[in-house]
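Chain by chain, the residues run as shown.
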Amino acid sequence: MRFPVSRPCLAVSAALSLGGLVLAALTGARSDALTPREQALHVLNRLAFGPRPGDVDRVAKMGAAAWVEQQLHPERIDDGALEARLSGPGSQYPTLAMSNAQIIARFEVPLLEARKKIKAERAATNARGDETAAPGGEAEPTEAAEAEVAKARELIPPDQRPKRLLDELTSARILRAAESERQLNEVMVDFWMNHFNVYANKGQDRFAMVSFERDTIRPHIWGRFEDLLQATAKSPAMLFYLDNARSVADEQHRGTFPAAIRNNPNAPKGLNENYARELMELHTLGVDGGYTQKDVTELARILTGWSIGRPQGGEGARKATNRGGRGFGRRAMMQEPESPGEFVFRARAHDEGTKTLLGISFPPSGIAEGERAIAMLAHHPATAHHIAYQLCQRLVADEPPAPLVDRVAKRFLANGGDLRDTVRAIVTSPEFFDPQYYRAKIKSPFEYVVSALRAVGGATDGRAIARQIAEMGEPLYLCQPPTGYSDTADAWVSSGALLARLNFALALAQGRLPGTQADAGILRLAGSASVTGRGVDSAAHWLIGTDISEETLSTITKRAAEPGSESVEPSSLVAALLLGSPEFQRQ
Amino acid sequence: MTPFDRRLFLKSSGLSLIAGGLLPNVFVRMAQASPLSGAAANKSSRVLVAIFQRGAVDGLNMLVPYGEKVYYDARPSIAVPRPGAGATDRSAVNLDGFFGLHPSLAPLLPYFQDRSAAFVHAVGSPDTTRSHFDAQDFMESGTPGIKSTPDGFLARALQTARSAPENAKPSPLRAVTMTPGMPRILSGSGAIAMTTLSGFGIRAGQASEPLTQSFESMYEGAVAGTLQATAQESFEAVDLVRSTNPAGIAPGNGAAYPRGPLGNALRQIAQLIKADVGLEVAFTDVGGWDTHAAEGGGNGQLANRLRDFAQAITAFAKDLGSRMGDVTLVTMSEFGRTVKENGNRGTDHGHANVMLLLGGGVAGGRVYGKWPGLDASHLYENRDLAVTTDFRDVFAEVLSKRMGVTALDRVFPGYDCAPGKRLGLIA
Numbered sequence: 072m073r074f075p076v077s078r079p080c081l082a083v084s085a086a087l088s089l090g091g092l093v094l095a096a097l098t099g100a101r102s103d104a105l106t107p108r109e110q111a112l113h114v115l116n117r118l119a120f121g122p123r124p125g126d127v128d129r130v131a132k133m134g135a136a137a138w139v140e141q142q143l144h145p146e147r148i149d150d151g152a153l154e155a156r157l158s159g160p161g162s163q164y165p166t167l168a169m170s171n172a173q174i175i176a177r178f179e180v181p182l183l184e185a186r187k188k189i190k191a192e193r194a195a196t197n198a199r200g201d202e203t204a205a206p207g208g209e210a211e212p213t214e215a216a217e218a219e220v221a222k223a224r225e226l227i228p229p230d231q232r233p234k235r236l237l238d239e240l241t242s243a244r245i246l247r248a249a250e251s252e253r254q255l256n257e258v259m260v261d262f263w264m265n266h267f268n269v270y271a272n273k274g275q276d277r278f279a280m281v282s283f284e285r286d287t288i289r290p291h292i293w294g295r296f297e298d299l300l301q302a303t304a305k306s307p308a309m310l311f312y313l314d315n316a317r318s319v320a321d322e323q324h325r326g327t328f329p330a331a332i333r334n335n336p337n338a339p340k341g342l343n344e345n346y347a348r349e350l351m352e353l354h355t356l357g358v359d360g361g362y363t364q365k366d367v368t369e370l371a372r373i374l375t376g377w378s379i380g381r382p383q384g385g386e387g388a389r390k391a392t393n394r395g396g397r398g399f400g401r402r403a404m405m406q407e408p409e410s411p412g413e414f415v416f417r418a419r420a421h422d423e424g425t426k427t428l429l430g431i432s433f434p435p436s437g438i439a440e441g442e443r444a445i446a447m448l449a450h451h452p453a454t455a456h457h458i459a460y461q462l463c464q465r466l467v468a469d470e471p472p473a474p475l476v477d478r479v480a481k482r483f484l485a486n487g488g489d490l491r492d493t494v495r496a497i498v499t500s501p502e503f504f505d506p507q508y509y510r511a512k513i514k515s516p517f518e519y520v521v522s523a524l525r526a527v528g529g530a531t532d533g534r535a536i537a538r539q540i541a542e543m544g545e546p547l548y549l550c551q552p553p554t555g556y557s558d559t560a561d562a563w564v565s566s567g568a569l570l571a572r573l574n575f576a577l578a579l580a581q582g583r584l585p586g587t588q589a590d591a592g593i594l595r596l597a598g599s600a601s602v603t604g605r606g607v608d609s610a611a612h613w614l615i616g617t618d619i620s621e622e623t624l625s626t627i628t629k630r631a632a633e634p635g636s637e638s639v640e641p642s643s644l645v646a647a648l649l650l651g652s653p654e655f656q657r658q
Numbered sequence: 208m209t210p211f212d213r214r215l216f217l218k219s220s221g222l223s224l225i226a227g228g229l230l231p232n233v234f235v236r237m238a239q240a241s242p243l244s245g246a247a248a249n250k251s252s253r254v255l256v257a258i259f260q261r262g263a264v265d266g267l268n269m270l271v272p273y274g275e276k277v278y279y280d281a282r283p284s285i286a287v288p289r290p291g292a293g294a295t296d297r298s299a300v301n302l303d304g305f306f307g308l309h310p311s312l313a314p315l316l317p318y319f320q321d322r323s324a325a326f327v328h329a330v331g332s333p334d335t336t337r338s339h340f341d342a343q344d345f346m347e348s349g350t351p352g353i354k355s356t357p358d359g360f361l362a363r364a365l366q367t368a369r370s371a372p373e374n375a376k377p378s379p380l381r382a383v384t385m386t387p388g389m390p391r392i393l394s395g396s397g398a399i400a401m402t403t404l405s406g407f408g409i410r411a412g413q414a415s416e417p418l419t420q421s422f423e424s425m426y427e428g429a430v431a432g433t434l435q436a437t438a439q440e441s442f443e444a445v446d447l448v449r450s451t452n453p454a455g456i457a458p459g460n461g462a463a464y465p466r467g468p469l470g471n472a473l474r475q476i477a478q479l480i481k482a483d484v485g486l487e488v489a490f491t492d493v494g495g496w497d498t499h500a501a502e503g504g505g506n507g508q509l510a511n512r513l514r515d516f517a518q519a520i521t522a523f524a525k526d527l528g529s530r531m532g533d534v535t536l537v538t539m540s541e542f543g544r545t546v547k548e549n550g551n552r553g554t555d556h557g558h559a560n561v562m563l564l565l566g567g568g569v570a571g572g573r574v575y576g577k578w579p580g581l582d583a584s585h586l587y588e589n590r591d592l593a594v595t596t597d598f599r600d601v602f603a604e605v606l607s608k609r610m611g612v613t614a615l616d617r618v619f620p621g622y623d624c625a626p627g628k629r630l631g632l633i634a
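In the order they appear, the protein sequences are chains A and B. Offset between the first sequence (1-based) and the numbering used here: plus 71. Offset between the second sequence (1-based) and the numbering used here: plus 207.
To be clear, the hints were calculated from the coordinates, so they are not data collected in a lab. Built from N, CA and C at the ideal position, the CB exists for glycine as well. Careful, some of the hints might be misleading.
Covered stretches of chain B, as calculated for chain A (at least 3 residues, CB under 8 Å) [said to hold, decoys possible]: (1) 339-346; (2) 390-400; (3) 405-415; (4) 426-438; (5) 441-447; (6) 553-563.
With the hints as extra help, turn the sequences into a complete structure.
Right, dumping it as structure tokens:
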């Protein structure tokens, strides 16, 4: 995976400045205010995953401001039908409701046991037994170990393999984005999951991701930022992803480990500063937030001992063969029983010295040190600015107006990091409805695909949709670098990704995506509108909620008048071209 | 076909033929044997292939300074054993009595021996950031420390070359990145981004052609900007891919690419080169180098990544055969990793790193760059390998000597690319 780039290219900036006048004429960048209907489309594009047919008129009628206020309180919006379908009895997505312990018992332990069985078989048939480890041991997948894992996987029925967890999670995320009435909630889930990015295919994270979204992110996104941050810091998913689970105090700052640890070459021996760095660079202060390499190391020391309970917990740990280095520390490091796969603070691994973070002294006080450091970072002015900037970039413009960012940052500091109030400050600001930002952002692949699905009243099981989003460069839960995906157009507009969007529009409208159907009535209505040019225009209004350019209008009218080939039904054609149109790439 | 500057290209290839007499470079020999003159020369143009190892590869385990005792002291569990000190497939492969290749990179040894591959050690960016994101950004913009640079340095290299008079209409596939999105390094270039050649186009059976036309005309009329420009470039490129069908070209010389993203990317770049679509700059990236834990030494995690890396690159060279004489492949990574291993038998973010150069023009068989040493007194901030060569000097040499770029001050604004600073990497 790549680290997304986040700056507009020169050609774009040049084109924008040269073509300013044309742009103004075509995108609606102008001095007069947005009409009620435009405001409705704007909030549905930015604070929801696009309008369904009829939504724009409905929201315009009630008023965009009233709709926004409703969406700011998702807990007051009934979403029972969708929730029942996802996690009620008989759900097709049973893993969504499982605890970490259940997931580990059902998905990880069988894998560990199958692996053990293979090892035993191999030892029996191979007199040589295990290969001797080279200097440094062999804790991580060698080719042989990878083959072993692959073989172990085959011993397990497909519906009990870890991949099922990610499949269900991805499908549920897509279904919620497409069908939930709590649209702004889903937009903010997308934002915060990306802000606190975790790559779901990194080892243990395959088992931790369900809980991460359900228990760590979702319950906290309308509360205080500090609580969200503390939750992520104690989430097994983050602890594993950014290696803090394996970070232990350097020898000079802790007591002597028991012999079982000391003699194991695979046991953690000292600091790992990966999480400490990203906690400041990405989650809070921002890269220019004024911290130094020394602060990174000190924060890593503060966070030593923050780890994850072993898969077989306290009792199983006695007999479990511990290969170490899997993020759980050593069983001898455990001073009391641990809940499998849950957060644990291991005092023995914690750095006993005094630390200094951003000029503040942190005398040794166990887990409280880390909590205090995180609280301090959460309320830091640099954090306020960083979070304000990112929220404004997501909700307003790729390059958000500086006065707005400053105001929102001040509000964040004043309200103690209240996220509902901070989001409200943005979406009720004059800048949010400024015509220059109307339809000024390009949809991300996730936004594009889901908005298309909503436009055609689509029903899906999520699978094919997940593949489409991945093909456009944004596989959900699978962004490898901790930066998360970019929120700016230049990261998403490339030749390959654009062609993937057009092909998706065709496949969706033609019903070629497995497990996914557009509403036939909606397609028919859109198709019948093609009899006259006027008709396509109103079909556009109805289907994608927006005006279309002369060029788009005449192209679609022309193509619809001469279908040219039997492979595209006329009723699909208009929808396909509208969903693939340049207008529909914008929000 | 639009090489950076054809006259310069012909002239300098003449020079490299002379140099070839001095340097037994296999690609120069191959180039001599291949029809590089007359009409056939028009079919051939020089290509720069850049590979970014995202995540900061551990250069000290890629190209092992096995002559340094400190290296072994600092890495008790993840050092690569000295040549001959351990099992052959787990020990360093000697290059020059001081440096050795990671055993997974052994497939590159023949290229080093015949002087078509070179390394630069202790190379990197002068900027001190240890943020992946910033360091990649600075390396790709070519302006370390300056975040406001709007475009990538390879994009500027292409632009400066475009001013050459005979480059009237550049090929739509002049610059290609085998990545889902546009990387920073090519941002502003109008490069084509794709992940598969075979899927590059509108797929609607018999209706593909009329629908392609429809989409094309809708986007022609779209608001000027990134979307419209990208669409126009895409449809031109789609047309060229359809007419030349590079995806139909099988790997040559029995080359076997490893499965995986890098092998796929390089296989398709080779197809574009062989299809003569006018490719001049190709880019791809490969991740998985951020080895904070359980990095491994002669085997293990990093060893597996490096094996794939070496197999993909050597398959590419084998596939292209004599055509490799036109191609210069360069690898880079945002920064190196700590000299000392951390508490998890991994390494944290460091400073200087290593680059590989392979192919046409490379004065190989050497490890370039001043080695600063690993003694505490020579380390950067007491922990990392110090940078003694700026990565821009490496690219300045490749771009000027191989690709005919003269306006290096525009490619690397504010940086002194004086010829006197060249390492002599390119013959």
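Count the residues of the segment 390-400 of chain B whose Cβ falls closer than 8 Å to any Cβ of chain A, and tell me whether that reaches three. Check passed, 8 qualifying residues.
Three or more residues of the segment 405-415 of chain B near chain A by CB distance under 8 Å? This one holds; 9 residues, not fewer than the three required, reach chain A with a Cβ under 8 Å.
According to a criterion of three or more residues whose C-beta lies within less than 8 Å of a C-beta of chain A, is the segment 441-447 of chain B covered? It holds: at least three residues are needed, and the segment 441-447 of chain B offers 3 whose Cβ sits within less than 8 Å of chain A.
Check, residue by residue, whether the segment 553-563 of chain B contains three or more positions whose beta-carbon lies closer than 8 Å to a beta-carbon of chain A, and give the verdict. This one holds; 3 residues, not fewer than the three required, reach chain A with a Cβ under 8 Å.
Three residues or more, CB to CB closer than 8 Å: is that satisfied between the segment 426-438 of chain B and chain A? Coverage by chain A holds here, the residue count being 13 at a Cβ distance below 8 Å.
Against chain A, does the segment 339-346 of chain B show at least 3 residues with beta-carbon separation below 8 Å? holds (count 5)
Checked against the numbered hints given earlier, the structure satisfies every one of them.
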